[in-house]
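J.: The chain contents come next:
Number of protein chains: 2
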Amino acid sequence: MGKSFDELIKKVAAIPMKKVAVCVSQDSAVIEAVRAAKDRKIADAILVGDAKKTKAIADEIGIDISDFEMIDVEDVVEASLTAVKLVHDGKADMYMKGLIDTKGFLKSVLDKEVGLRTGKMLSHVCVFDIKGYDRLMFLTDVAFLPYPTLEDKVNIIKNTVEICEALGVNNPKVAPLAAVEVVNPKMPVTVEAEELHQMNLRGEITGCIVDGPLSMDLAIDPEAAKHKGATDRPIQGDADILLFPDIHSGNIAYKSIVHTAELVNGNILTGTAAPVVLTSRSDSMEVKVNSIVVASLVAEYMKNNK
Amino acid sequence: MGKSFDELIKKVAAIPMKKVAVCVSQDSAVIEAVRAAKDRKIADAILVGDAKKTKAIADEIGIDISDFEMIDVEDVVEASLTAVKLVHDGKADMYMKGLIDTKGFLKSVLDKEVGLRTGKMLSHVCVFDIKGYDRLMFLTDVAFLPYPTLEDKVNIIKNTVEICEALGVNNPKVAPLAAVEVVNPKMPVTVEAEELHQMNLRGEITGCIVDGPLSMDLAIDPEAAKHKGATDRPIQGDADILLFPDIHSGNIAYKSIVHTAELVNGNILTGTAAPVVLTSRSDSMEVKVNSIVVASLVAEYMKNNK
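Just so you know, the protein sequences line up as chains A and B, in that order.
Read left to right, the first sequence gives residues 165 to 470 (our numbering).
Read left to right, the second sequence gives residues 165 to 470 (our numbering).
Mixed in with the good hints, there may be bad ones.
[Unchecked claim] EDC-like cross-link-like pairs, simulated, lysine to aspartate or glutamate; straight-line CA separation at most 20 Å:
id	chain 1	residue 1	chain 2	residue 2
1	A	K392	B	E450
2	A	K350	B	D410
3	A	K390	B	D447
Simulated from the structure, these hints should not be mistaken for lab results.
Chain A with its partners taken away, still in its complex shape (with noise of 0.2 Å):
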């Protein structure tokens, strides 16, 4: 399971449809998202924002939503708490961002009242569904991390981890990126890559397999892994998780990737009590779909193991 978007959309019909409460719902693409994932039997929606609003754009767009819940709130902080606590309360399964801007989403995510807050750290995780590859990739994190520290990497895995599991991928091999396949003193990143390695072994990292540093080559084509022969490596080219030395080389190949390559993804933001869809304005419509397909399973996988 858990090898393309297509064997994840029929997990998804097998489950308990989910409710997704969307946060400031005046936002077309979103409207448009959220009637597709409801269309196709993915999940259904609460929509909190101004109720007139979302009305006249689901018009305007041809939309029609009269079958969805509504909650009127004109006030955008008013309407993410209100949307955010539907989650906290377990009224809806998963949170969404609308037309509210990121750092005003993340103030709700993290609100210690009626927000989503855990002990964890938060991380981004984006799943990619690549034409030619017989497997998901988990890139992470590609948004929301500058510069993550070695701790924070070992935070990044285990959420990741738990993301794959989510999905059906049992046990991944992660691999930590740079430039070049051998540890290099002058090259700072190779070195937390190979101490991750080290700290998987000694089962401080578990539910994974650690391999780094790793080139991408040597991490997602087995043909350049045999090319550079690299045998002896617990990972041949069948990485799961690309683990990005920061956000700068995360996001160039995130974009890089989504813009060059045929492929289906969806990202979600987890560490936090609920999965939350945090996708950006220049993400499709079928980006967002899918998003709301990756926090469904998540949503279900959270509940049987809490």
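Add chain B to chain A, keeping to what the hints say.
T.: Leaving out everything else, chain B in the frame of chain A:
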């Protein structure tokens, strides 16, 4: 001109045929590449290395090399100095790595007596012709300089602008990449990118348009630029040169694209007195031939712009 490798190959056909000096020629991938380059009338080659071994390898892979000039030098270091001297003395136009490690190869490039030193800093340029894009993209530096300083980045831009001009891309648009497109003091990469932009405005970097910081989507995708409302910026998804923050981000993005998109590419080392082809083991024969295409045009340009 210069919009695709097909056009570059036509351009090569219109200039006097160049000659590549191969450094340690007993390498099957390199023999295949120079054979293909000669057959396609792209470039001739002088094979410097162990002549007996070189012939044996050629026989083994069924390639006739009897029409190539060969210089028999068994010792690797001696062979490298002999080969680079051919370029230094103008008997060959460009220099190509064969069965020698990168360190030994670069040592010959930098040799004070017979090498290809100039006052310039060396940098690596990778030329991409990606399916779906109507122009060439120049990625730098994805392989040579680990952590370029601001000054290094200025030199990288200068080197790469020259390569663009040699390939018919005049006044190229340079995108200093980052995870975000706004300056954030907490992300030094964005501050440096803005400084490069200012240096360009002040006339300290010429022959190009520098606009930074830029995220990858704003750099290469006009739709994303439109969607994000970045209509006042000099670069609107139409960057020619992609300048990476460091070798990790560059190398990971480079390999991400190579291993997931459909593309044609060739790589070159520049800042030298003559073009240097420094491809890696895992590069395909086509990449090696394309690198000779790029090197030939750069050699012609250097000759005309001495």
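J.: Indicate, hint by hint, whether the structure satisfies it.
T.: Hints versus structure:
Only pairs whose Cα atoms come within 20 Å are accepted, and K392 of chain A paired with E450 of chain B is accepted, the gap being roughly 18 Å. Restraint check: the Cα-Cα separation between K350 of chain A and D410 of chain B comes to about 13 Å, which is no more than 20 Å; the hinted pair holds. Annotation: proposed proximity of K390 of chain A to D447 of chain B holds, straight-line Cα distance about 13 Å (limit 20 Å).
Comparing the model with each earlier hint shows no violations; every hint is respected.
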